[in-house]
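Student: Each chain, letter by letter, is given below.
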Amino acid sequence: MQRIGVFVCWCGSNIAGTVDVAAVAEALSHEPGVVYSTNYQYMCSEAGQNIIKDAIKEQQLTGVVICSCSPRMHEATFRKTAAAAGLNPYMVEIANIREQCSWIHKDMPTATEKAIILGRAAIAKVQLNAPLIAGESPVTKRALVIGGGIAGIQTALDIAEAGFEVDIVEKQPTIGGKMTQLDKTFPTLDCAACILTPKMVDCAQNENINIFAYSEVQEVKGFVGNFTAKIKKKARFVDPNKCTGCGECTEKCPMKKIPNEFNLGMDNRRAIYIPFAQAVPKIATIDPDHCNMLKNGKCGLCAKVCGAGAIDYKQKDEIVERQYGAIVVATGYNPIKLDKFDEFGYSLSPDVVTSLEFERLTNAAGPTSGTLLRPSDGKHPHTLVFVQCVGSRDTSGCGKPYCSKICCMYTAKHAMLVREKYPDTEVYVFYIDVRTPGKNFDEFYRRAVEEYGVHYIKGMVGKVAPRADGKLMVQASDLISNEQLHIEADMVVLAAAIEPDKTARSLGTMLTASMDTNDFFTEAHPKLRPVESPTAGIFLSGVCQGPKDIPETVSQASAAAAKVIGLLAKNKLTGNPCVATSDEMMCNGCSSCEKVCPYGAITYQDKEFRMPDRTVAIRRVASVNEAVCQGCGACTVACPSGAMDLKGFSNSQIMAEVDAICKM
Amino acid sequence: MSDFDREQILRTSGVDVLKCMRCGKCSATCPSYDEMEYHPHEFVYMVEKGQIDKLMASKSIYKCLSCFACIERCPRGVEPARLVEAVRLQVIRQQGKNHLRADDIPALLDDDMPQQAIVTALRKYSK
Numbered sequence: 001m002q003r004i005g006v007f008v009c010w011c012g013s014n015i016a017g018t019v020d021v022a023a024v025a026e027a028l029s030h031e032p033g034v035v036y037s038t039n040y041q042y043m044c045s046e047a048g049q050n051i052i053k054d055a056i057k058e059q060q061l062t063g064v065v066i067c068s069c070s071p072r073m074h075e076a077t078f079r080k081t082a083a084a085a086g087l088n089p090y091m092v093e094i095a096n097i098r099e100q101c102s103w104i105h106k107d108m109p110t111a112t113e114k115a116i117i118l119g120r121a122a123i124a125k126v127q128l129n130a131p132l133i134a135g136e137s138p139v140t141k142r143a144l145v146i147g148g149g150i151a152g153i154q155t156a157l158d159i160a161e162a163g164f165e166v167d168i169v170e171k172q173p174t175i176g177g178k179m180t181q182l183d184k185t186f187p188t189l190d191c192a193a194c195i196l197t198p199k200m201v202d203c204a205q206n207e208n209i210n211i212f213a214y215s216e217v218q219e220v221k222g223f224v225g226n227f228t229a230k231i232k233k234k235a236r237f238v239d240p241n242k243c244t245g246c247g248e249c250t251e252k253c254p255m256k257k258i259p260n261e262f263n264l265g266m267d268n269r270r271a272i273y274i275p276f277a278q279a280v281p282k283i284a285t286i287d288p289d290h291c292n293m294l295k296n297g298k299c300g301l302c303a304k305v306c307g308a309g310a311i312d313y314k315q316k317d318e319i320v321e322r323q324y325g326a327i328v329v330a331t332g333y334n335p336i337k338l339d340k341f342d343e344f345g346y347s348l349s350p351d352v353v354t355s356l357e358f359e360r361l362t363n364a365a366g367p368t369s370g371t372l373l374r375p376s377d378g379k380h381p382h383t384l385v386f387v388q389c390v391g392s393r394d395t396s397g398c399g400k401p402y403c404s405k406i407c408c409m410y411t412a413k414h415a416m417l418v419r420e421k422y423p424d425t426e427v428y429v430f431y432i433d434v435r436t437p438g439k440n441f442d443e444f445y446r447r448a449v450e451e452y453g454v455h456y457i458k459g460m461v462g463k464v465a466p467r468a469d470g471k472l473m474v475q476a477s478d479l480i481s482n483e484q485l486h487i488e489a490d491m492v493v494l495a496a497a498i499e500p501d502k503t504a505r506s507l508g509t510m511l512t513a514s515m516d517t518n519d520f521f522t523e524a525h526p527k528l529r530p531v532e533s534p535t536a537g538i539f540l541s542g543v544c545q546g547p548k549d550i551p552e553t554v555s556q557a558s559a560a561a562a563k564v565i566g567l568l569a570k571n572k573l574t575g576n577p578c579v580a581t582s583d584e585m586m587c588n589g590c591s592s593c594e595k596v597c598p599y600g601a602i603t604y605q606d607k608e609f610r611m612p613d614r615t616v617a618i619r620r621v622a623s624v625n626e627a628v629c630q631g632c633g634a635c636t637v638a639c640p641s642g643a644m645d646l647k648g649f650s651n652s653q654i655m656a657e658v659d660a661i662c663k664m
Numbered sequence: 001m002s003d004f005d006r007e008q009i010l011r012t013s014g015v016d017v018l019k020c021m022r023c024g025k026c027s028a029t030c031p032s033y034d035e036m037e038y039h040p041h042e043f044v045y046m047v048e049k050g051q052i053d054k055l056m057a058s059k060s061i062y063k064c065l066s067c068f069a070c071i072e073r074c075p076r077g078v079e080p081a082r083l084v085e086a087v088r089l090q091v092i093r094q095q096g097k098n099h100l101r102a103d104d105i106p107a108l109l110d111d112d113m114p115q116q117a118i119v120t121a122l123r124k125y126s127k
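Keeping their order, the protein sequence lines are chains H and F. According to UniProt numbering, the residues represented by the first sequence are 1 to 664, in order. According to UniProt numbering, the residues represented by the second sequence are 1 to 127, in order.
Extracted from the complex, chain H is given alone in its bound form (with noise of 0.2 Å):
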C-alpha cells in the first residue's frame, strides 16, 4: 500500500472561488492509503512547495496527489519538487480541477462533488504508480530551418552566430522569400532589397550555414536533439560549382514567353532563368517544363553560351540525409487567391491588382522598371482606389476569418508613396478599421492622411465593374456620410488576406506538429512559449505561426534562435521515461501497433522463446525504441491482444481511474 499525500489548491479564488477546497482536501483524506490531507491558497508558489517536501519528508509519503490546475502547466514544477525531497517525481499525479472543475462550474456543490471525484481517481492510479527513470540522449548540434524569407534567414544567422551549424532549406532557386518581392518598408520607407540583400549575402558566406536552395525536406524522422531529414535538391540542370551567375545563358534562351514568378506573371523571363539580380546563390536555373532541350532534346543554346560550362541536362534530383539536433519552421506566406471574390473584377480587369503586384508595379526592378503605368494600356494612373480587407475578417466562407495583420500598413505606404511620387493623382482608401498598433505605426497612417491627402473612407466596396473605355466602375459605401459612391478608377488594388504557404500542412504532418484550422501552426503556449512547436525540438519563425509584418518577424526570428540555440548547447537531452513497452509473451506479432505508431517507434524482431513444453519456439514480436516513442499511447489501443502497454499510464492505471470515478 501506498502512502499518499493529499495537496489540495485554491489557485487564489480560480479554484477556491468554486470549489470548497476544504471540503475536498477532507473527503480525499478518507481514501485508502492517503496518509495526509491539506490545502492550501498558491501550492506553486514556494510556500506552497515546502508545505509538499515537508509532508514528503515527515509523512515518509510514497505517492503525492496533487489538485490543481492542468498538468501542462505545472506537472513539471511538481515533480521537481517532489524530486527534491527524494521521492521519485513519477509518483506525482495531478488532479485537473481548475481548467476541467472549477472555471467550467458555477454551483459550488456541484463542483466539489466533481473535484472531489477527479482526486479520487487520481489517488486510484498513484496507488499503481511505479518510480520511473529518465533515460538521456545525445544532441546533434546542428539545426534545419525550412524556408529561406526573412524568418529564416534571420534564425539561421543568429544559430550561426553563436558558432553552430545550420542548413537553410529553401524551395525557389534563391533565398529571400516575400520581401525579396516587396518595394519599399514600413514605417521607415527603406527600400526592402537593400535591407535584405546583405543578409541575404552574409548567409552565402557565413561558414557555419549551408544553403540548400531549390530543395525540399521530403521526409523527417527521430525526435528532439535527433532528426533525420532527408532533403531532395531539384535537379536545376546547372552544376552550382561552375556556373559564375554570368547571365549570359538567360539571355541567349530562345523560349522567351514565360510568364515570370518574381513579378507575378506581369512579365516573362526564359526558360534558364536567375529570378532577380540579387539572387542568392547566383545561379541559373532550367525550367524543366518549358525547355526545348529537356522536353524534345531540340536546342542546348544555352549550353554553347555557357564560357563555364556549367550546363548539365542530364542533372538529376539528388537526396540528401542530414542529421539535426533542431528544425526551425519559416514556411511563410502567400496572398490568397481572389477567385471567390467576383465583385471586385479581379478577373476581369488587368488594371485591379493585388497589393503584391502594386509592388511589383512600383519597384524599379519590376516590369515597368518602377514606374506606375496601367497593365491593360501602360497609361498612367489618375485615381486609385485601394480596398482594405479582401478576404480578411471574412467568416462568410469565401476568405479568411482572421485580420491578416500587414494590410492597413501596407495600403498607408502604398497610398503615400503614389501621392508622392505623382502628385496629380487622387487616392481613396476603403476601410473597415484602419489597425496601426505598431511602433510609429498610426503616425504613418495619420502622415498618408494629414500630409499626403490620401482619401481615406470608412466603408466598403461592393462592386468594380470595368466599363468598355477602360474605366473601372467603383461602387462603395461611405458610412460616415451614409451616402453611396461611384467612383471612376483607373486602377484599383486589393489587399488580398494572407495565408500560410500550401506546403505547411504536409510539413505539420511530417513534423507531427500541430497546426490551427487556418493551417498557422500552433505555438506550445500562445503567450509564453511563441516560437516553440508543442512538439519538441520544433520551432516556429515568421507568418507560419501567424500573420506579422518584418519586425515583427525579425524578432521572432531571433527568439526562435535562441531557443534552439538554448537546445544544441546541451550535450544530453533528458527523454520521457512515459513511453509504450511491449509484453513479448503475450505479442502476438500482428503488426497493428507498428501502423499506427505516428513516430516509427516500434519494430518487429524474430526472436526465440522457451515454451512452457520445454520447446524452442521463434516468434515475431514488437519491440520499442524508448528514444523514438513519444508515450502517446497509441499502440496500447491498437494492440488486440493487450501486450502493449504505457509506462505511467498503464491500462490497469487508467481502468482504476475509471472505477474510481464511476464508484458513488
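There's no promise every hint is true.
As the list claims (entries may be wrong) - A few chain H residues that face chain F, going by a derived Cβ cut-off under 7 Å, partial list only:
#1 Met460
#2 Lys463
#3 Ala476
#4 Gln484
To be verified - 25 Å max Cα-Cα, derived SDA-like pairs, lysine to any residue:
#5 H:Lys340 / F:Glu72
#6 H:Lys463 / H:Met473
#7 H:Lys548 / H:Glu443
#8 H:Lys316 / H:Leu348
#9 F:Lys63 / H:Gln484
#10 H:Lys607 / H:Gly642
#11 H:Lys405 / H:Thr517
#12 H:Lys340 / F:Arg82
#13 H:Lys232 / H:Asp317
#14 F:Lys49 / H:Thr395
#15 H:Lys340 / F:Phe68
#16 H:Lys405 / F:Lys59
#17 F:Lys59 / H:Leu485
#18 H:Lys458 / F:Glu35
#19 H:Lys337 / H:Thr368
Just so you know, the hints here were simulated from the structure itself, not pulled from any lab data. Note that beta-carbon positions come from the ideal geometry of N, C-alpha and C, so glycine has one too.
Place chain F on chain H using the hints.
Tutor: Then chain F, alone, in the frame of chain H:
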C-alpha cells in the same frame, strides 16, 4: 414594445446582428440604395438598437428588391435582406388578419384547396 419587436425580428429573420463588423459592404453593393431611406447596413444597426418602429414606418422596406446581393457579399454572413423581410412581415402581421394559427386550419379546409397551399400559408403566416 420595442424590445418585443426586436426579439420578434431577430427570431423571424434568424439573423445575428452582433456578427456585423460594420464594413458597409451590404450598402456598397445594394442596387436600390438611392431609393432607400434606411440602407442595408442601417437595418442591421437599427435592429441591434431596437429602433424597429422607425423601420416599420419607412418606405425602405418596400424598396428592397430582395436581390440578396447584400446576403451574397457580406463577409460575416449577417444577411441584411432577411431583416428587411422580417420587418415587412411584422408590418403585415400588425395589420391583422394575416396571421394563421394551426387551430384555424381545419375550418379552412375544403376539397378544392391544395394541401401545399395550407402548408405554405402556415409557414409564411405562423412566424
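Student: Indicate, hint by hint, whether the structure satisfies it.
Tutor: Hint-by-hint comparison with the structure:
1. Met460: holds, 4 Å
2. Lys463: holds, 6 Å
3. Ala476: holds, 5 Å
4. Gln484: holds, 4 Å
5. H:Lys340 / F:Glu72: holds, 11 Å
6. H:Lys463 / H:Met473: holds, 8 Å
7. H:Lys548 / H:Glu443: holds, 19 Å
8. H:Lys316 / H:Leu348: violated, 41 Å
9. F:Lys63 / H:Gln484: holds, 16 Å
10. H:Lys607 / H:Gly642: With Cα atoms ~19 Å apart, H:Lys607 and H:Gly642 stay inside 25 Å; holds.
11. H:Lys405 / H:Thr517: At roughly 18 Å apart (the allowed maximum being 25 Å), H:Thr517 and H:Lys405 satisfy the hint.
12. H:Lys340 / F:Arg82: Cα-Cα ~23 Å, so holds.
13. H:Lys232 / H:Asp317: holds, 7 Å
14. F:Lys49 / H:Thr395: holds, 23 Å
15. H:Lys340 / F:Phe68: holds, 17 Å
16. H:Lys405 / F:Lys59: Measuring from Cα to Cα gives roughly 41 Å; hence the hint is violated.
17. F:Lys59 / H:Leu485: OK: F:Lys59 and H:Leu485 at ~22 Å, within 25 Å.
18. H:Lys458 / F:Glu35: holds, 22 Å
19. H:Lys337 / H:Thr368: At roughly 23 Å apart (the allowed maximum being 25 Å), H:Thr368 and H:Lys337 satisfy the hint.
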